[in-house]
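Residue numbers (my numbering), protein chains in the order written: chain B, 1 to 215; chain U, 1001 to 1215; chain W, 2001 to 2215; chain G, 3001 to 3215.
A couple of the hints might just be wrong.
As the list claims (entries may be wrong) - List of simulated lysine-lysine pairs, DSSO-like, C-alpha gap at most 30 Å:
{"hint": "1", "chain 1": "G", "residue 1": "K3188", "chain 2": "G", "residue 2": "K3035"}
{"hint": "2", "chain 1": "W", "residue 1": "K2005", "chain 2": "U", "residue 2": "K1100"}
{"hint": "3", "chain 1": "U", "residue 1": "K1005", "chain 2": "U", "residue 2": "K1142"}
{"hint": "4", "chain 1": "G", "residue 1": "K3191", "chain 2": "B", "residue 2": "K35"}
{"hint": "5", "chain 1": "B", "residue 1": "K188", "chain 2": "W", "residue 2": "K2188"}
{"hint": "6", "chain 1": "B", "residue 1": "K173", "chain 2": "W", "residue 2": "K2100"}
{"hint": "7", "chain 1": "B", "residue 1": "K161", "chain 2": "B", "residue 2": "K173"}
{"hint": "8", "chain 1": "W", "residue 1": "K2188", "chain 2": "U", "residue 2": "K1188"}
{"hint": "9", "chain 1": "U", "residue 1": "K1086", "chain 2": "B", "residue 2": "K174"}
{"hint": "10", "chain 1": "W", "residue 1": "K2173", "chain 2": "B", "residue 2": "K188"}
{"hint": "11", "chain 1": "U", "residue 1": "K1173", "chain 2": "B", "residue 2": "K86"}
{"hint": "12", "chain 1": "B", "residue 1": "K188", "chain 2": "B", "residue 2": "K35"}
{"hint": "13", "chain 1": "G", "residue 1": "K3035", "chain 2": "B", "residue 2": "K191"}
{"hint": "14", "chain 1": "G", "residue 1": "K3188", "chain 2": "U", "residue 2": "K1173"}
{"hint": "15", "chain 1": "G", "residue 1": "K3191", "chain 2": "U", "residue 2": "K1188"}
It should be emphasised that the hints constitute simulated quantities derived from the structure, not laboratory data.
There are 4 protein chains.
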Amino acid sequence: MISEKLRNDARPIWNRIFSHPFVVELYSGKLPFEKFRYYILQDYAYLIGVIRAFSIISAKSEIEISGEILEIARMEATTEIENYRKLLNRMNLTMEDAIKTEVAPTNLAYVNFIISTSFLGNEYEGLASLLPCFWSYLEIWKRNSHLLEKNENEIYIQWAKEYGSKEYQALVKKLINLMDRAVGNYEKLRKIFLTGSRYEYAFWEMAYTMERWHI
Amino acid sequence: MISEKLRNDARPIWNRIFSHPFVVELYSGKLPFEKFRYYILQDYAYLIGVIRAFSIISAKSEIEISGEILEIARMEATTEIENYRKLLNRMNLTMEDAIKTEVAPTNLAYVNFIISTSFLGNEYEGLASLLPCFWSYLEIWKRNSHLLEKNENEIYIQWAKEYGSKEYQALVKKLINLMDRAVGNYEKLRKIFLTGSRYEYAFWEMAYTMERWHI
Amino acid sequence: MISEKLRNDARPIWNRIFSHPFVVELYSGKLPFEKFRYYILQDYAYLIGVIRAFSIISAKSEIEISGEILEIARMEATTEIENYRKLLNRMNLTMEDAIKTEVAPTNLAYVNFIISTSFLGNEYEGLASLLPCFWSYLEIWKRNSHLLEKNENEIYIQWAKEYGSKEYQALVKKLINLMDRAVGNYEKLRKIFLTGSRYEYAFWEMAYTMERWHI
Amino acid sequence: MISEKLRNDARPIWNRIFSHPFVVELYSGKLPFEKFRYYILQDYAYLIGVIRAFSIISAKSEIEISGEILEIARMEATTEIENYRKLLNRMNLTMEDAIKTEVAPTNLAYVNFIISTSFLGNEYEGLASLLPCFWSYLEIWKRNSHLLEKNENEIYIQWAKEYGSKEYQALVKKLINLMDRAVGNYEKLRKIFLTGSRYEYAFWEMAYTMERWHI
Chain B
1 MISEKLRNDA RPIWNRIFSH PFVVELYSGK LPFEKFRYYI LQDYAYLIGV
51 IRAFSIISAK SEIEISGEIL EIARMEATTE IENYRKLLNR MNLTMEDAIK
101 TEVAPTNLAY VNFIISTSFL GNEYEGLASL LPCFWSYLEI WKRNSHLLEK
151 NENEIYIQWA KEYGSKEYQA LVKKLINLMD RAVGNYEKLR KIFLTGSRYE
201 YAFWEMAYTM ERWHI
Chain U
1001 MISEKLRNDA RPIWNRIFSH PFVVELYSGK LPFEKFRYYI LQDYAYLIGV
1051 IRAFSIISAK SEIEISGEIL EIARMEATTE IENYRKLLNR MNLTMEDAIK
1101 TEVAPTNLAY VNFIISTSFL GNEYEGLASL LPCFWSYLEI WKRNSHLLEK
1151 NENEIYIQWA KEYGSKEYQA LVKKLINLMD RAVGNYEKLR KIFLTGSRYE
1201 YAFWEMAYTM ERWHI
Chain W
2001 MISEKLRNDA RPIWNRIFSH PFVVELYSGK LPFEKFRYYI LQDYAYLIGV
2051 IRAFSIISAK SEIEISGEIL EIARMEATTE IENYRKLLNR MNLTMEDAIK
2101 TEVAPTNLAY VNFIISTSFL GNEYEGLASL LPCFWSYLEI WKRNSHLLEK
2151 NENEIYIQWA KEYGSKEYQA LVKKLINLMD RAVGNYEKLR KIFLTGSRYE
2201 YAFWEMAYTM ERWHI
Chain G
3001 MISEKLRNDA RPIWNRIFSH PFVVELYSGK LPFEKFRYYI LQDYAYLIGV
3051 IRAFSIISAK SEIEISGEIL EIARMEATTE IENYRKLLNR MNLTMEDAIK
3101 TEVAPTNLAY VNFIISTSFL GNEYEGLASL LPCFWSYLEI WKRNSHLLEK
3151 NENEIYIQWA KEYGSKEYQA LVKKLINLMD RAVGNYEKLR KIFLTGSRYE
3201 YAFWEMAYTM ERWHI
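Assemble the whole structure, with the sequences as input and the hints as a guide.
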């Protein structure tokens, strides 16, 4: 399976993701709230980028794939955006706060990477740029959910549990199945998947250090 | 309102659409079934094209618009495709019949027009290429639904009534409202809307004459 | 070689192109001038479309291919447009006449086909949509240049000889060589190449019948 | 003039570019050679990205603009790539060294920024993402060329003088003139131009610190 090969090739990066302090402290409840707040506000621009990338991929795909991709994109653009709004509200933030947040360098780089890849490449290359995010969030949950037992931050717990839900598992499974239909040049897919994985790591690092533009 | 201006500028073309023999005979029940069968089989490629075009538009749009466009695209890719499948079945046809149907010249031209326009232009130019189809189907229903009373062809009646449904009216209203948010060069939008309207007329003509490639 | 396979599969269409009355009468000098005038004025929109399509292909290609494609696109956008302007002038026409000419249905369909294909597919799929035009013009010259001996129309002769020039032969050779580097799904390339060939035939037919929109 | 407004709004960033140690030491000759070597090897991926972005912009533009953009893109893809190859050779490097160089984070982010912007936006938004690079190199030369007098590094001198050549000045002038034809939303152009300017600064910083992926 292509997805397994990709996963294997990215293992060293993913292992560092699983143990990144942002991730571990988020699950254990020790993450300073201002870091979480930063992360959530940055997440908006990334979510929009994901919707754009899925839209481009859908335009290029065979219809059966297109239907599934559009369903995911729509879910992101409606349910996910709605969930996101609710989360903001629980944190005493509004969508306007998210919209006017300056997109940090790593975030901007990541978003432009998934959009460029989806535009320049074929549908599977686009998918390979998006899969590390969706898939690694599930794996993070699997590896770290036991930490939730001692977590006393309700917002962190609620955030984390979404990635352990049956719906989320089904979504990731669907994306993996689509990836496994890929034909052609594995090397290209591999390079894209590794870059996406690097950006996943960098995104956690960005949030932990609350990265800002230096200029 | 931009939509009203576009509609006015396209009036001569639309009037010819409303009275096209395919349209009138379909509503009155006199349309030879082989012409309807041809039309329905061609419709598949057009539906796929619409989904692709909406996907491209969504990728370029502000997020609020993106969400609405994706909802429409997804509905086309799931509900509409499902309705389409059921209609085929009532006609003793299958999706395979539709998929292997050779796309007729006018249909191919129309599909490539909406895709090119959505790719080369901005989101409103893309919308202007798609609106004549959705909108004129509603107007056709308004003008011709009275003919259904004497129509004895259950398949034609069922097909027509979809365009008189509240859901369909709401969809068209949504698209018109999006169109009215357009800014910038009206001339470009006008040219696109007129070409889309011409293709609508040409599509009915294609179906009535059961157009084939001459080579 | 992929190009040879494509050429073989398109043979029946190409044979009809070679003997199309527009082509034969153009080479023999018997073509009514108003048909040639129509053809030349339509050619403008097609030339622009070719430049757009090559640009899209260039954006997706490996750099060595990109360089060659851009050289061709630039040549079309400068030398060819300049040659075109001179030809117009010899015919007592101006660029403004060409620009304001309404693009005929077949021409618009052809242009949107090459643009959509270049955007939705990979670089080789884009090339496969453009190759039938360039290549068939060379083959037309090979098969019909003997007719030029009795041709007394200086404008037709000058127009035709361009396609027998060393530069043009080298250009076609370059495009064929690029095509032969294609990897992957031959079926897709074949379908595109055949559609492009059909549009070539349809373009000659459009010019011979001086096609207009019916609406 | 739009270009003047953009330039003014970016002034604080540009001033920091003009005095960036990489820039100053390159002109004065004091830049450690390994930093220059790093910069030149990274430059390859950026140059390819510029060619891709110009290609996308060309596909969307009116034909007169298209011709100029393609001329620039082609020049980049041929003359510039050839000059680049010669420079590599003088530094005892080959194109293979450049091609196999891992693209650093800032470089990858910059390239994907210009490609995404050119794809998602209109032709002027694409241009606004590319202009800071071309224009600031000319301004750097104007402000720092006096330092070349004491510079004893022939490679640095030769590199710098290219940006003081008449050809380069004409190229920048052409791009500025195209930018000044922009219509519509200045805010969007401004945001893009500022981001491009930030990436310019970041690129110099990347080279000075010889940035690597941390994962």
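Okay, the hints, checked on the actual structure:
With a C-alpha separation of about 35 Å, the suggested pairing of K3188/G with K3035/G is violated against the 30 Å cut-off. Between K2005/W and K1100/U, the direct Cα distance comes to roughly 23 Å. Compliance with the 30 Å bound is thereby established for this hinted pair. A threshold of 30 Å between alpha carbons decides the hint, and for K1005/U with K1142/U the separation of about 20 Å falls inside it, so the pair holds. Proximity of K3191/G to K35/B is assessed by CA-CA distance (about 26 Å); at most 30 Å being required, the pair is judged to hold.
Simply put, K188/B and K2188/W have alpha-carbon atoms about 21 Å apart, close enough for the 30 Å limit, and the pair holds. A threshold of 30 Å between alpha carbons decides the hint, and for K173/B with K2100/W the separation of about 54 Å lies outside it, so the pair is violated. For the hint pairing K161/B with K173/B, the CA-to-CA distance comes to about 17 Å; that is within 30 Å, so the pair holds. A C-alpha spacing of about 33 Å is found between K2188/W and K1188/U, which places the hinted pair above 30 Å, so the restraint is violated.
At roughly 25 Å between alpha-carbon atoms, K1086/U and K174/B fall within 30 Å of each other, so this suggested pair holds. Between K2173/W and K188/B, the direct Cα distance comes to roughly 29 Å. Compliance with the 30 Å bound is thereby established for this hinted pair. Distance hint between K1173/U and K86/B is fulfilled; the C-alpha atoms sit about 28 Å from each other, no more than 30 Å. As the CA atoms of K188/B and K35/B are separated by approximately 35 Å, the hinted pair breaks the 30 Å bound.
Between K3035/G and K191/B the CA atoms are separated by roughly 26 Å; this keeps the pair inside 30 Å, and the hint holds. Restraint check for K3188/G and K1173/U: satisfied, since their Cα atoms lie roughly 29 Å apart, inside the 30 Å limit. For a cut-off of 30 Å, the pair hint linking K3191/G to K1188/U stands: about 26 Å separates their Cα positions.
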